[in-house]
Structure formats: C-alpha cells, structure tokens
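Q: Chains as they are written, first to last, in my numbering: chain Y, 5 to 456; chain S, 5 to 456.
If you're looking for bench data, these hints aren't it; they were derived computationally from the structure. Any given hint could be a false lead.
What follows is a list of derived Cβ distance ranges for each label pair [what the hints assert, rightly or not]:
1. Pro-374/S - Tyr-378/Y: 21 to 29 Å
2. Asn-97/Y - Met-338/S: 49 to 57 Å
3. Gln-146/S - Leu-203/Y: 41 to 49 Å
Listed next, the in silico DSBU-like pairs over lysine-lysine satisfying Cα-Cα at most 30 Å (straight line) [stated by the list, open to error]:
4. Lys-366/S - Lys-61/Y
5. Lys-204/Y - Lys-228/Y
6. Lys-366/Y - Lys-451/S
7. Lys-6/S - Lys-451/Y
8. Lys-22/S - Lys-391/Y
9. Lys-366/Y - Lys-60/S
10. Lys-136/Y - Lys-366/S
11. Lys-125/Y - Lys-91/Y
12. Lys-366/S - Lys-24/Y
13. Lys-366/Y - Lys-76/S
14. Lys-73/Y - Lys-366/S
15. Lys-60/Y - Lys-366/S
16. Lys-22/S - Lys-366/Y
17. Lys-73/S - Lys-24/Y
18. Lys-451/S - Lys-73/Y
19. Lys-451/Y - Lys-22/S
20. Lys-366/S - Lys-57/Y
21. Lys-366/Y - Lys-73/S
22. Lys-270/S - Lys-354/S
23. Lys-57/S - Lys-6/Y
A quick note: this is a predicted structure, and the numbers were derived from the prediction, not measured. For each residue, glycine too, the CB sits at the ideal point set by N, CA and C.
There are 2 protein chains.
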Amino acid sequence: MKIVIIGAVAAGAKAAAKSKRLLPDAEVIIYTKEEYVSYSACGLPYYIEGNFKDIKKLVVRTIPEFESKGIKIYNKHYVTKISPEIKKITVRNLETKETFEETYDKLLIATGATPYIPDIKNININGVYTLKTLDDGLKIRQAMLNSKKAVIIGGGYIGLELLEAFMHNNLNTVLIEKNFSIMSTFDEDMASLISAYILKNYGDKISIITSVNIEEIIGESEVKGIRLDNGHIISSDMIALTSGVIPVVDIAKNAGIEIGHTGAIKVNSRMLTNIPDIYAAGDCVEKINMISDTPMWVPLGSTANKEGRCAALNMCGVVDDFEGIFGSAVTRFMDMTISRTGLSSKTAEKLGYDIVSAIVTKRDKAGYMPGVGYVTLKLIADRRSHKLLGAQSVGSGDADKRINTLATGLIRGMTVEELNDADMTYAPPYSTSIDPLIDAARILREKLACGA
Amino acid sequence: MKIVIIGAVAAGAKAAAKSKRLLPDAEVIIYTKEEYVSYSACGLPYYIEGNFKDIKKLVVRTIPEFESKGIKIYNKHYVTKISPEIKKITVRNLETKETFEETYDKLLIATGATPYIPDIKNININGVYTLKTLDDGLKIRQAMLNSKKAVIIGGGYIGLELLEAFMHNNLNTVLIEKNFSIMSTFDEDMASLISAYILKNYGDKISIITSVNIEEIIGESEVKGIRLDNGHIISSDMIALTSGVIPVVDIAKNAGIEIGHTGAIKVNSRMLTNIPDIYAAGDCVEKINMISDTPMWVPLGSTANKEGRCAALNMCGVVDDFEGIFGSAVTRFMDMTISRTGLSSKTAEKLGYDIVSAIVTKRDKAGYMPGVGYVTLKLIADRRSHKLLGAQSVGSGDADKRINTLATGLIRGMTVEELNDADMTYAPPYSTSIDPLIDAARILREKLACGA
Numbered sequence: 005m006k007i008v009i010i011g012a013v014a015a016g017a018k019a020a021a022k023s024k025r026l027l028p029d030a031e032v033i034i035y036t037k038e039e040y041v042s043y044s045a046c047g048l049p050y051y052i053e054g055n056f057k058d059i060k061k062l063v064v065r066t067i068p069e070f071e072s073k074g075i076k077i078y079n080k081h082y083v084t085k086i087s088p089e090i091k092k093i094t095v096r097n098l099e100t101k102e103t104f105e106e107t108y109d110k111l112l113i114a115t116g117a118t119p120y121i122p123d124i125k126n127i128n129i130n131g132v133y134t135l136k137t138l139d140d141g142l143k144i145r146q147a148m149l150n151s152k153k154a155v156i157i158g159g160g161y162i163g164l165e166l167l168e169a170f171m172h173n174n175l176n177t178v179l180i181e182k183n184f185s186i187m188s189t190f191d192e193d194m195a196s197l198i199s200a201y202i203l204k205n206y207g208d209k210i211s212i213i214t215s216v217n218i219e220e221i222i223g224e225s226e227v228k229g230i231r232l233d234n235g236h237i238i239s240s241d242m243i244a245l246t247s248g249v250i251p252v253v254d255i256a257k258n259a260g261i262e263i264g265h266t267g268a269i270k271v272n273s274r275m276l277t278n279i280p281d282i283y284a285a286g287d288c289v290e291k292i293n294m295i296s297d298t299p300m301w302v303p304l305g306s307t308a309n310k311e312g313r314c315a316a317l318n319m320c321g322v323v324d325d326f327e328g329i330f331g332s333a334v335t336r337f338m339d340m341t342i343s344r345t346g347l348s349s350k351t352a353e354k355l356g357y358d359i360v361s362a363i364v365t366k367r368d369k370a371g372y373m374p375g376v377g378y379v380t381l382k383l384i385a386d387r388r389s390h391k392l393l394g395a396q397s398v399g400s401g402d403a404d405k406r407i408n409t410l411a412t413g414l415i416r417g418m419t420v421e422e423l424n425d426a427d428m429t430y431a432p433p434y435s436t437s438i439d440p441l442i443d444a445a446r447i448l449r450e451k452l453a454c455g456a
Numbered sequence: 005m006k007i008v009i010i011g012a013v014a015a016g017a018k019a020a021a022k023s024k025r026l027l028p029d030a031e032v033i034i035y036t037k038e039e040y041v042s043y044s045a046c047g048l049p050y051y052i053e054g055n056f057k058d059i060k061k062l063v064v065r066t067i068p069e070f071e072s073k074g075i076k077i078y079n080k081h082y083v084t085k086i087s088p089e090i091k092k093i094t095v096r097n098l099e100t101k102e103t104f105e106e107t108y109d110k111l112l113i114a115t116g117a118t119p120y121i122p123d124i125k126n127i128n129i130n131g132v133y134t135l136k137t138l139d140d141g142l143k144i145r146q147a148m149l150n151s152k153k154a155v156i157i158g159g160g161y162i163g164l165e166l167l168e169a170f171m172h173n174n175l176n177t178v179l180i181e182k183n184f185s186i187m188s189t190f191d192e193d194m195a196s197l198i199s200a201y202i203l204k205n206y207g208d209k210i211s212i213i214t215s216v217n218i219e220e221i222i223g224e225s226e227v228k229g230i231r232l233d234n235g236h237i238i239s240s241d242m243i244a245l246t247s248g249v250i251p252v253v254d255i256a257k258n259a260g261i262e263i264g265h266t267g268a269i270k271v272n273s274r275m276l277t278n279i280p281d282i283y284a285a286g287d288c289v290e291k292i293n294m295i296s297d298t299p300m301w302v303p304l305g306s307t308a309n310k311e312g313r314c315a316a317l318n319m320c321g322v323v324d325d326f327e328g329i330f331g332s333a334v335t336r337f338m339d340m341t342i343s344r345t346g347l348s349s350k351t352a353e354k355l356g357y358d359i360v361s362a363i364v365t366k367r368d369k370a371g372y373m374p375g376v377g378y379v380t381l382k383l384i385a386d387r388r389s390h391k392l393l394g395a396q397s398v399g400s401g402d403a404d405k406r407i408n409t410l411a412t413g414l415i416r417g418m419t420v421e422e423l424n425d426a427d428m429t430y431a432p433p434y435s436t437s438i439d440p441l442i443d444a445a446r447i448l449r450e451k452l453a454c455g456a
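Assemble the whole structure, with the sequences as input and the hints as a guide.
A: And the structure:
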C-alpha cells in the first residue's frame, strides 16, 4: 500500500501522520514545493507582531520527526501532473530541476490556497508582500522593521491581524478595502462596529479607507506608495497584499478532477474526488455549509485538520464522513474579539431565507467586576422554522464564547425558543446572570411571536 | 387582577417587573422579609474580596425604581401563612410586629434558599457567619478585616470564592470539607485537580482538610477555633459556614403545596404548583434535569431569572414553558476557571447509565502565544446511544467556553460523533487548531468504536 500526499501544511501533514498510525506497514510519502512542512500559518501575524522570536515555533512537526515515524518527505518538490489512468504523478525537484514519476495506490491532494493577486499596475515590484508561508512571514517582519509607513490592501482577517502587528511596531498604516466595509464575511451593521472601534481607539496611528480601488502601485524598483482611483496618493515604504486567497487546483483540474462552482475541488463526505483513489482535503477543497446544505469555500486551519484526518481514515479503509462546516471563525484586534458562525443576514437572504435578526449589546461580565467590557451580538434566524441560522459577535473578552456556543447548537438545528431556555453558566467574572445569547434569543422570540 | 409575590431577590424581582410590563393595569405587590430587593447574591464574595467598595452595586433595581413602575414593595414583611381556599396570605410587619391579611388572584412563591446549618456544638456563637444576603456580606467583610485567621466550613462554590477573598486579604485560612474531595458536584478525578492546583500555588497561605467532621466550635461568646473529630484543634478568629443551602418551603408545605423528593417545591413546566393560581420559581423549586428527565435541585441565579420570567408570563395568561436545566455552572479560584454541565460520571452511574468518559489536558491557545495556559476537560457519554451526558473543565483561561459550547449541544441530544465534527472557531489567541472539546470527542469516539 502506497499513499502519496501532495502538500504538507495542515491537511496533508495531518493525513500523513494519521495514515502511518493506521497502517504502519504502508508507504506514506509527501511531496511539497515548500521548504517547511506542518506549520501554523495562522500564527504568522503574531510572529510578525513580535509575540515570539523564533518563527520555528510555528512548526508543529519537523521533517526529521516525520521521518522518524517512517514517513518520507520530499520538500522543494513540485508535483506538475497527475495521471489517474496509470496512477502516477510527475514531480520536479526544484533544486536539481530533475523530473521523475511516482506511482500511488491512494493519492491525497492537499495543495491548499494561495494569495489572490489583484490586477494592479506594478503589483510585482519589490516591497509588495503576501503572507502565506513561513518564508513570507520572515520577509514581512524584516520589511516592517525597516519601514515607517505601510499600506495594507484588503481588510479581512489577515489584513486586520497585520494592522495590529504594524501598529505595535509603530508603523503609520493605511488599510485599503475595496468593499463598503472591512470584514466582508460580516454583515455591514456588525462590520461598521469593528471599523468604529479601531478608528476611535487607534485613529491617531492608522487609517481605514473603504470603497476605493487602487489605480497603481507607485515606484520603479521599490514601492513608494499607491495611487487610488479617486486620485489620492498614499506614500508607503511597504505594501501587504491581503486581498484574500484562492484554492490551488490547477494540477487537479488538468487531471480531470471535478471543480465545484466555488472554484475549489469537489469531494464527497469521505474526501474522495470524482476519480477513484484520488482524495482531496484542506484549503483546496470546497465544503458543505450544513445550514443551507450548499457548497461554500471557507479555507480554515481547523477544518483542514479534520478533513486531513477524514481523508486518512478513508484512504486506509476505515469509513469516515466529514459532513461539513458552519463557517465558524474568530480573530482579534487589540482587545477586541471578532467572531462569527453560520450564515450572515446577507448570505441568508441571497439563499432565499426569510430572516429575522436581533442585535444586543451587553456587559461581558457583572457590571461591578473589575475589567468589565462589552459584547455586541447579532443573532439571525429563519422566520418560517424558527431555526437559528447564524451569529456574529464583536467586543471585549469572551465574544467568541457565544459563537462557539451557538455553533454547537446549529448542529441539530436549534430553534430560537430552545436557545432562549439554554442553560449557560453564570458567575460574576464570566457573564451577566442572563447571558447575551439568551437575551438576543428572547428578543428574536418576541419578534417572531408578534410577527415583527 | 392582583399578582402577589413572596420574595424579591432574583425570581421574584424578575417576575414582578415582567408582570407589570405584560399587564400594566394589574396590581403587582411584593412581600419580602429582607431589607434589600433585587440584588446579585452571586456577587457577594467579590464584594468581600474588595473588588468594589459599595455593596449597593450588587442591587439590580432599587425599591424606588420598582415603585416608579407601579410595583408595590413591602420589605421587612414576613409572610407567615398561605390560605389557598380563601386566596389570602397572612403577613407580619417585622418592624411594627403587626399582622394583616392580603388577597391575591395569582400568587408566586419565590422564597429562595437559606444556608444549611449543620448540627455542630456552638454553631450559633458570635463569629460564625453564613453568606446569603447583602447584610451577611457586610458582616463577613467587616469580620474579615478584623481577623488574621479564618476557617471555612464547606468546599463548594461559595467556600472556594470566600477562600480566594480571604487569601487576597491576607488571612491564613483553613478550608474544611467533610467529603473525600472539595467541589462535590464534580467527579473526584476533576475535583482532585482543583485541590492540587490550590495547594501547589497557594499552600503557603491556605490549607484544605477533607474527610473530617467538626466535633465542636470552640469559644464561649466568641469563636476561638474548631475541634475536628480526629482530635485536632484549629484556632481561628472567624468561621464562614458554606455547607450548602436548603430550599425555603415551610409556608408552602403548610399550605398543602406539594414538595418533591429533592425537598424543593414541585412545579410543572409553567411554574404552577399543585394548587390553582399558586406558582413558584427560583431557588425554592426543583427543576427537571433535561438529560435524565429526573427532578434535581440546583439553585442558581441564572435559572431563577428564567423561571421568574416564565412564571410571570403564565400568571399573566401567556402560555410559556420552561423545560429544565442541565446544571451548568462556573466559578473562579484566582486564575483557575472551574465549570461543569450535565451529569457527572458518578451521577450518571447512579441513574443507571453505562458511561464512557475521556479526560484531555491541552493548551488553551496556541503554544507560541503569550500567556498560554492549560485546560483539562472531561467528557462523559452514554455507551448505548453515544449521546453526550456532561462535561467538566478545570484550567486557566476559557475553560468555561467549552462548557457553554457543550451545554448548547446537549439541548437536542448531541452525539459524540457530532461533537467530533463540530465547527469551533480557531485563531491562535483563542484556541488550539483542534479545540480540546474536539480532541476529547475524538478519544471518546475511538473508545466507543473499539468497545473500550
């Protein structure tokens, strides 16, 4: 039995380790074009910020660790082609430039995602950085330490995390977002709270400009700034490009593997593609949103780990199903926690739901306790079935606690009424006696009862 | 319409406010033997500790605030008798000693709970304190400030909270627990982690003695110490008696209202007792544990608020059901969070379940983040149905996040397999990429699969 895996960050690394444990006699081989394997890409902004000195702390398992378990790793090796009809892949050694073929019994595609590069003039000159690999992290930190002014293009999760990192390191930073509001996976009412918080507390150091496009990056060999489509010029020593990511599907597509409408590889609940013995997992595959039962592409490390494990089980002959996701996510900006799960109002409406929603702002603990903060919570439900569809939270402290709590309730289609009676823990350092989730559910319940 | 309520802390105060909002023309009258109304008893240990100076911060709504809404409050008035056949109550004014009668259309009993006083010699002398009312809080703080040594009798939630308060105020404190381990609503494996943490970190200031009984309290007019049944004498300037609470049911019982096996008042899901037009809510009533579908008595402020609201709705003619609880609770000792929900192993076994459990200890956030701590999580499931029965967590940081998350999953009987695939949020400041909950579920799943 020979299991070949393409990619070694989260899904690929997890699948390799799990496969070898399940079938100790199997050959397990990983090919990756990168130098490093099995690392936490989510931790890169915190390395750049300076929370820890050695970027190798982000490595979960080293190549020698894998090899000591009997897993073969070829790093700096790029897989150029999959030939399903003869069950072979073609590999190029990026150092020697040699090309060779490798056979497989089971193949796992875990090629991940890559930064989306918008079509902007001069986007490829020196001083424009993307953030995906450990090497990217090292380069951005070095550039940041040599810069006084930065521009971040894109106000999603990584954009905000880099904004914090740059602010901590005293860079004057401008964040540019082409949409009406930053954090576009949130509804505008909640996203506007995030911008307001950032500008109110840190507006002396950073700016956010929304609803603009970038005309060009100014500079010849080196970045000097950007020109917006409204004519304004913003000078800058460096640019971080965080305009989202796209799934890496080229070799899969060329091999006849089906790509979904989301642009990512289509798999069944056992992580099998449309071609026998070829599995795919992690950021390169699309997932089923379990609320709407529709495919979505939400690339996250937490999901990649689960998919890697599921793929390994099935490749090794143990039937296992990974049913899908809710799109639960969290990030931090300074002392603000930003979190979400399920469908947003705008996505739910697009999918045809008749929605009802409520927003509450409450203290995150008893008002008399030291360090009391606030959490604003938005709950979204389906007017017909009364089932909860999603939630978003912004605030200090445990804003994410409420999101995880709701995400678990979504598994079996919890209704507004059930959430209203949920038994949440209470003690003054942790919550108010009526948790914000319960309060929001009560408002929704009353809205539903009176047909509002 | 005349609604009369006995008791004004959590359930009574909530029911009064809600009733008046629902039926503005109704007469709403509260009788309470206490001076203060509508306060957070759960906050008393934090007042004693010195987290805030003014005990009135614990008051949610003052008497003038209630009166401005048209609710009549008679404080320092003790209800001595309920006469259901003539729909009247008998009330004694505790200041004037006058007695009078009052009619009602709907009556709510919200008499709460009172500290359990164990049968120990000299238990009533000066220097022995219980903690339930604001007045108790004032007295304990004063005594603490005049003391160097303290004994706490009972290692439950309030015992631990007072232990922290006394330690913060530099008292040498000994906590006495008659059971094998403190925190007896937890399984012994988890409770032992709590003791171990306390003694390891603060053993120079405090002691915990378990599995002992107290022979007598030493002292004539003033406490001097205690004598244990093993002959040891512990000297002390004050004693806090935190041996649990019991429901206040005397006047209900005398009126023919049914008392459950738990010793608390029996109500249906609409908070109605066995007597028409007499409702009961809060710490004086028993609740249905929704996992085992058996009555339990778990007196908590979070539940009292929900029951008060439910009683108000039904008294005002709006049908509303409160189905029950899971027994979710949380407390803090210094930087340790202690939380639980559902059934413990020992309770589940007593109820006849064939259980399977798993304990995991994991970092509470990514290992490379500043301030990383640990959380130990125990998950308990039913071997036959694979349904989750309960969880307990002990650790730094967000130990309670996992408990709330699970408590919501319990509502619809989530299985181990469903939890294993749950979509939890992940970012390095908040969790590991595989949340401890998911890890514990995976171990349980593997145990169930191989019949361990």
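Q: Work down the list of hints and note, for each, if the structure agrees.
A: Hints and how they fare:
Checked against the hint of 21 to 29 Å, the C-beta distance between Pro-374/S and Tyr-378/Y comes to roughly 24 Å, which is consistent with it. For the pair Asn-97/Y and Met-338/S, the supplied restraint of 49 to 57 Å holds, since their beta-carbon distance comes to about 56 Å. Between Gln-146/S and Leu-203/Y the beta carbons are some 47 Å apart, a value that agrees with the proposed interval 41 to 49 Å. Taking the CA atoms of Lys-366/S and Lys-61/Y, the gap is near 17 Å; set against the 30 Å cutoff, the hint holds.
Restraint check for Lys-204/Y and Lys-228/Y: satisfied, since their Cα atoms lie roughly 28 Å apart, inside the 30 Å limit. Between Lys-366/Y and Lys-451/S, the direct Cα distance comes to roughly 41 Å. Violation of the 30 Å bound is thereby established for this hinted pair. At most 30 Å may separate the alpha-carbon atoms for a hinted pair to count; Lys-6/S and Lys-451/Y meet this at roughly 28 Å. About 26 Å separates the Cα atoms of Lys-22/S and Lys-391/Y, which keeps this hinted pair within 30 Å; it holds.
Among the hinted pairs, Lys-366/Y with Lys-60/S is consistent with the structure: their alpha-carbon atoms are about 20 Å apart, no more than 30 Å. Taken as a hint, the Lys-136/Y and Lys-366/S pair is honoured in the structure, with Cα atoms around 26 Å apart against an allowance of 30 Å. Simply put, Lys-125/Y and Lys-91/Y have alpha-carbon atoms about 42 Å apart, too far for the 30 Å limit, and the pair is violated. Simply put, Lys-366/S and Lys-24/Y have alpha-carbon atoms about 23 Å apart, close enough for the 30 Å limit, and the pair holds.
Under the criterion of a C-alpha separation no larger than 30 Å, the hint pairing Lys-366/Y with Lys-76/S is consistent with the structure, at around 28 Å. Pair hint Lys-73/Y plus Lys-366/S holds up; C-alpha atoms about 23 Å apart against a cutoff of 30 Å. With a C-alpha separation of about 20 Å, the suggested pairing of Lys-60/Y with Lys-366/S holds against the 30 Å cut-off. A hinted pair counts as satisfied when its Cα atoms are at most 30 Å apart, and Lys-22/S with Lys-366/Y qualifies at roughly 19 Å.
Pair hint Lys-73/S plus Lys-24/Y does not hold up; C-alpha atoms about 69 Å apart against a cutoff of 30 Å. About 24 Å separates the Cα atoms of Lys-451/S and Lys-73/Y, which keeps this hinted pair within 30 Å; it holds. Note on Lys-451/Y and Lys-22/S: the hinted pairing holds, with a Cα-Cα distance of about 17 Å set against a maximum of 30 Å. A distance of roughly 23 Å separates the Cα atoms of Lys-366/S and Lys-57/Y; the hinted pair therefore holds under the 30 Å criterion.
Simply put, Lys-366/Y and Lys-73/S have alpha-carbon atoms about 23 Å apart, close enough for the 30 Å limit, and the pair holds. Between the alpha carbons of Lys-270/S and Lys-354/S the distance comes to roughly 22 Å, so the proposed pair stays at or under 30 Å and holds. About 69 Å separates the Cα atoms of Lys-57/S and Lys-6/Y, which puts this hinted pair outside 30 Å; it is violated.
In terms of the numbered hints stated before, the structure departs from hints 6, 11, 17, 23, listed from lowest to highest.
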